[in-house]
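Just so you know, the sequences run in chain order A and B.
Read in my numbering, the first sequence has 56 at position 56, and its numbers run on one by one without any break.
Just add 1000 to wherever you are in the second sequence, counting from 1, and you've got my numbering.
Source of the hints: derived by calculation from the structure; they are not laboratory data.
A quick note: this is a predicted structure, and the numbers were derived from the prediction, not measured.
Don't be surprised by glycine CBs; every beta carbon is placed ideally from N, CA and C.
Each hint should be verified, as a subset may be incorrect.
As the list claims (entries may be wrong) - DSSO-like mimics (lysine-lysine), calculated; alpha carbons at most 30 Å apart, straight line: (1) A:K18 with B:K1193; (2) B:K1193 with B:K1238; (3) A:K81 with B:K1140; (4) A:K18 with A:K81; (5) B:K1082 with B:K1238; (6) B:K1146 with B:K1161; (7) B:K1140 with A:K18; (8) A:K18 with A:K2; (9) B:K1161 with B:K1193; (10) B:K1146 with A:K18; (11) B:K1082 with B:K1161; (12) A:K81 with A:K96; (13) A:K18 with B:K1082; (14) B:K1193 with B:K1140; (15) A:K18 with A:K96; (16) B:K1115 with A:K18; (17) B:K1140 with B:K1161; (18) B:K1146 with B:K1082.
What the hints assert, rightly or not - Which stretches of chain A does chain B cover? Using the computed rule of at least three CB atoms under 8 Å from a CB of chain B, they are: (19) 60 to 66; (20) 140 to 150.
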Amino acid sequence: MKLDPVHDIQRAFRELMKSWAYPGEIVDLSAVAEAIDIDVPINRTAMLLALVLIDAEVGFCVDSSDPSGDAAAISRLTYGKRREIGDADFVFVLGKDRNAGGPIAGARIGTLVDPQLGSTLVVEVGELTESGPLVLRGPGIRGERRMSVGLDPSWIAARAGRNREFPLGVDLVFVDGQGRLASLPRTTQVGEGR
Amino acid sequence: MKPLYNFAFFDEGSKREVRRAVLKGIAIPGYQVPFASREMPIARGWGTGGLQITLTLVGRDDVLKVIDQGADESVNAVSIRKLIVGTTGIASTDDTAEATLIQSRHRIPEVPLTKGQTLVLQVPIPEPLRFVEPSEFATKRLHAEKEYSGAYLALFEEIMKYGRVSTGADHPVTVNGRYVMAPSPIPRFDNPKMNDSAALILLGAGREKKIYAVPPYTRVVSLDFEDHPFEVEDMGGKRCSLCGATGVFMDEIHEDSGAVRYQCNDSGFCLSRRGGGKGGEA
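Okay, chain A solo, but in the shape it has when bound:
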């Protein structure tokens, strides 16, 4: 793999961290994702995030049209353990027209004593823009931000349901097909404007 396992992964993590610190801001990882020069059956940016976050210490779950094949690909490169959705630290929802509502509703939200056990979901979307109908508020956002996510809108209600009782909840990372990414940690309030 041409991808540098130290420096490229570090760059990817810093961009990912920035996207968590400033929810809704789009960061561009295309240059790093393209460095994965072997054939992977899934979105390259999602695979890059798997390489950043997953190892034998954590479990993951895949929701896609070929969950076994995709999970095997992630597992081969990361040594992550495949788990049921309710027991997974990371959940990958892959394929542009998946409905993320189901996986969000099934993912782990942690406990009041250990809220960090809430899952991180990496969701592939059609496109991401820093304008549009969604109004974001919360930590990391000065006032409010706008965003649109090319995804069946069922995720919004599902997320609101899972994140009803802070600090419990799930954290979302959206990746598009162009190596761009935006995150919605559980603190971000998502409303719908005009």
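Here the structure of chain A is known, so what remains is to put chain B in place on it, guided by the hints.
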């Protein structure tokens, strides 16, 4: 030449562990995320938490600043900077504005931090309820239940005893209206700098195996009472004897003659006002 260490000293597995904890810390502001703290080449309790975060974050393009109690030149700062620079080869600086990554012990720099900078604070005791409740099992449940009367009671007892809150440093704060958090032993003077900060603030406690965060633009309120509002240390009427600054956190220096003078605690800030201090030294 074959380098003696992996880039930034740490192995990649350790970095992944810290990275996962950092992200969850950002997602749950003020909550102490447990993590598998590593052995470091400095003693636990001497900045290993901050060091682990810095080594995990650092990349070849970063410019590093390390501060110990306001000074870039004190032992703790110099050894930590040497370790990071020695295992990464990155540039370091004294100038807050120039740094992308700032590791600090017990101070937040005087120059306001900007978006894109990351401040890493070293934390000896991350649990604000520890002096009220020695059991970690119990304090985790107090946080779960948002049961913070113990933290208020401690401040109340100080007021009863001394007529005022007597926290010298590490005055507890509420983050995003949910978690009561130890801001690390920064003076009360620095507490307001955490509120609505443009920069991300990460806090690491290596010995206690906790990582937590204050995301940018997050409300951070120091604990107080209606009739005893939170107050920062009074720096009124004090002027730095070296650079003439006022309204910054000062060290009080007693001369042999008995005279008292003041000087900026943030040495990088003071040096830059006097036209020096650029570049830093590894």
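Consistency of the hints with the structure:
At most 30 Å may separate the alpha-carbon atoms for a hinted pair to count; A:K18 and B:K1193 meet this at roughly 20 Å. Proposed proximity of B:K1193 and B:K1238 is supported: the alpha carbons are some 20 Å apart, at most 30 Å. With a CA separation close to 28 Å, the supplied pair A:K81 and B:K1140 stays within the 30 Å bound. Annotation: proposed proximity of A:K18 to A:K81 holds, straight-line Cα distance about 27 Å (limit 30 Å).
Proposed proximity of B:K1082 and B:K1238 is contradicted: the alpha carbons are some 34 Å apart, above 30 Å. A hinted pair counts as satisfied when its Cα atoms are at most 30 Å apart, and B:K1146 with B:K1161 qualifies at roughly 26 Å. Taking the CA atoms of B:K1140 and A:K18, the gap is near 28 Å; set against the 30 Å cutoff, the hint holds. For the hint pairing A:K18 with A:K2, the CA-to-CA distance comes to about 24 Å; that is within 30 Å, so the pair holds.
Between B:K1161 and B:K1193 the CA atoms are separated by roughly 29 Å; this keeps the pair inside 30 Å, and the hint holds. Distance hint between B:K1146 and A:K18 is fulfilled; the C-alpha atoms sit about 28 Å from each other, no more than 30 Å. Note on B:K1082 and B:K1161: the hinted pairing is violated, with a Cα-Cα distance of about 44 Å set against a maximum of 30 Å. Of the pairs offered as hints, the one joining A:K81 and A:K96 holds, with about 24 Å between alpha carbons and a cut-off of 30 Å not exceeded.
Distance check on the hinted pair: A:K18 and B:K1082 sit about 26 Å apart at the alpha-carbon level, within 30 Å; holds. Between B:K1193 and B:K1140 the alpha-carbon distance is near 27 Å, which keeps this suggested pair within the 30 Å criterion. Using a Cα cut-off of 30 Å, the hinted pair A:K18 and A:K96 holds, with the two alpha carbons roughly 24 Å apart. In summary, the hint linking B:K1115 to A:K18 is supported, as the alpha carbons are separated by about 10 Å, within the 30 Å threshold.
Distance check on the hinted pair: B:K1140 and B:K1161 sit about 29 Å apart at the alpha-carbon level, within 30 Å; holds. A C-alpha spacing of about 41 Å is found between B:K1146 and B:K1082, which places the hinted pair above 30 Å, so the restraint is violated. By the rule of at least three residues with a Cβ nearer than 8 Å to a Cβ of chain B, the coverage given for the stretch 60 to 66 of chain A is violated, with 0 such residues. A count of 3 residues in the stretch 140 to 150 of chain A with a Cβ less than 8 Å from any Cβ of chain B is obtained; the coverage claim is therefore met, three being the minimum.
Of the hints listed earlier, those the structure fails to meet are numbers 5, 11, 18, 19, in rising order.
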